[in-house]
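Taken in order, these protein sequences are the chains called A and B.
Residues in the first sequence are numbered consecutively from 614, following our numbering.
Residues in the second sequence are numbered consecutively from 2, following our numbering.
For the record, the hints were derived by calculation from the structure and aren't laboratory data.
It is possible that some hints are incorrect.
Claimed, not checked - Here are the simulated BS3-like cross-link-like pairs (lysine-lysine), alpha carbons at most 27 Å apart as the crow flies:
1) K77(B) / K769(A)
2) K746(A) / K64(B)
3) K45(B) / K743(A)
4) K69(B) / K769(A)
5) K746(A) / K84(B)
6) K77(B) / K746(A)
7) K769(A) / K167(B)
8) K167(B) / K743(A)
9) K718(A) / K45(B)
10) K783(A) / K123(B)
11) K64(B) / K718(A)
12) K769(A) / K78(B)
13) K743(A) / K64(B)
14) K45(B) / K783(A)
15) K69(B) / K746(A)
16) K84(B) / K718(A)
17) K657(A) / K125(B)
18) K64(B) / K783(A)
19) K45(B) / K769(A)
20) K123(B) / K746(A)
What the hints assert, rightly or not - Simulated coverage check for chain B against chain A, where a stretch passes if three residues somewhere in it have a Cβ under 8 Å from a Cβ of chain A:
21) 56–68
22) 149–156
23) 164–171
Stated by the list, open to error - What follows is a list of derived Cβ distance ranges for each label pair:
24) E113(B) / D699(A): 52 to 58 Å
25) R757(A) / K69(B): 29 to 35 Å
26) C767(A) / P114(B): 43 to 49 Å
27) V120(B) / G644(A): 50 to 56 Å
28) G644(A) / G181(B): 27 to 33 Å
29) K125(B) / E688(A): 38 to 44 Å
30) G644(A) / R126(B): 28 to 34 Å
31) G690(A) / T95(B): 23 to 29 Å
Using N, Cα and C, we set each Cβ at its ideal position, and we do this for glycine too.
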Amino acid sequence: MKHVAIPKLIGFGLVILLTTNLTHAKGDDFGSVVKMVEQFYNVKHQGIPFLARAGMKVVGTAAKIKGGTAKRLAEAGSIKLAVFEDQEFEGDFTRFRSSLNEALKQTWIPLVQTLSATDEEQAYIFVREKGDKFNVLVVTIGQREGTVVQATLCSKNLALLMRDPEGAGKNITDEATIIDNE
Amino acid sequence: MRSVFQRISIIPALAVLLVIVAGTTSNAQDPRIQMSHLDHLAAKASETVDVNIDERLVQIAMKVFNDKDPDEAHIKKLVAGLKGIYVKSFEFDTDNQFNAADVDSIRNQLREPTWSRMVNVKSKRDSNVEVYISLSGSNINGLTVISFDPRELTVVNVVGPVDLEKLAQLEGSLGIPDLGVEITKPKTKNEEK
Chain A
614 MKHVAIPKLI
624 GFGLVILLTT
634 NLTHAKGDDF
644 GSVVKMVEQF
654 YNVKHQGIPF
664 LARAGMKVVG
674 TAAKIKGGTA
684 KRLAEAGSIK
694 LAVFEDQEFE
704 GDFTRFRSSL
714 NEALKQTWIP
724 LVQTLSATDE
734 EQAYIFVREK
744 GDKFNVLVVT
754 IGQREGTVVQ
764 ATLCSKNLAL
774 LMRDPEGAGK
784 NITDEATIID
794 NE
Chain B
2 MRSVFQRISI
12 IPALAVLLVI
22 VAGTTSNAQD
32 PRIQMSHLDH
42 LAAKASETVD
52 VNIDERLVQI
62 AMKVFNDKDP
72 DEAHIKKLVA
82 GLKGIYVKSF
92 EFDTDNQFNA
102 ADVDSIRNQL
112 REPTWSRMVN
122 VKSKRDSNVE
132 VYISLSGSNI
142 NGLTVISFDP
152 RELTVVNVVG
162 PVDLEKLAQL
172 EGSLGIPDLG
182 VEITKPKTKN
192 EEK
């Protein structure tokens, strides 16, 4: 009995540890926002196995970024990411926007929010100061997929984000959804 | 005794009146306008953009924009002293998804004596454009642009020392859309003839 239980426990512990590190949907306002998306739209963010299966798509994005003009904006190791894939995001997006803004208004500053009723797409960028650096929270929700990304930016990259919020916000989301095989 | 009681009852009433008057005065001088009542248009719009650069973000911008980068130094100069830049923009796939009451809800906040409408402006596109400035003494402390056509409504509200030229230079940065507003030169007497 003991021989079976210990490896199982170690395995279980490892899974929890890896899940925490890779999906990062824990603690801070980041976790609250992920929960809010889950509760509002009745969806679930994916963990490691799903992200690993999605490797093909992710590698494609990585290749595109490597070959393109996009640059890395987030500080190394600072990215928190939750991905929602192939799920129905049905609900009143104006109500979702109000709830999100209400939940974050104490600690985050909304920079830009874009909604597209036609494409059923929403994007929200929030900023806050963190010592001499800055946190940025990017929430994007489409018809069948969504992402919540929190990253730390240095002053230089926050300046890029402020100059072109939509472009840089998309860049941060693309960067976060790469599984770096380098 | 009676007169003392009468005086006592008047004091709170006067205090309340003073608070109301003070509140009204401070509101009248605040060039920040409310745009949240346009939010219902988001459900009908094909695209909605909401930019919210409040005083905290302006301060952050002042910190992070690099003086050695010519573009950033230029933006920094333009936003210096501003207390906020707020934009709401709606694009529609079909005509007349918003009505006069929506535009009036903004116009009604831009009343004299605080706000004055600039007459010498026109749109580079075929949109209707209205530009209002708020004055504190002889200084501009706010600017509001309403730009609309049957399929688009954009409202920009800048709080702080700004003019139309400054705003035009900020277009395309900080999420501020291209408003296509230009200042027309006043006609000379000969041109009027």
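- Any hints this thing doesn't respect? Which numbers, in order? The structure conflicts with hints 3, 8, 10, 17, 19, 20, 22, 23, 25, 28, 30, 31, although it agrees with all the remaining ones.
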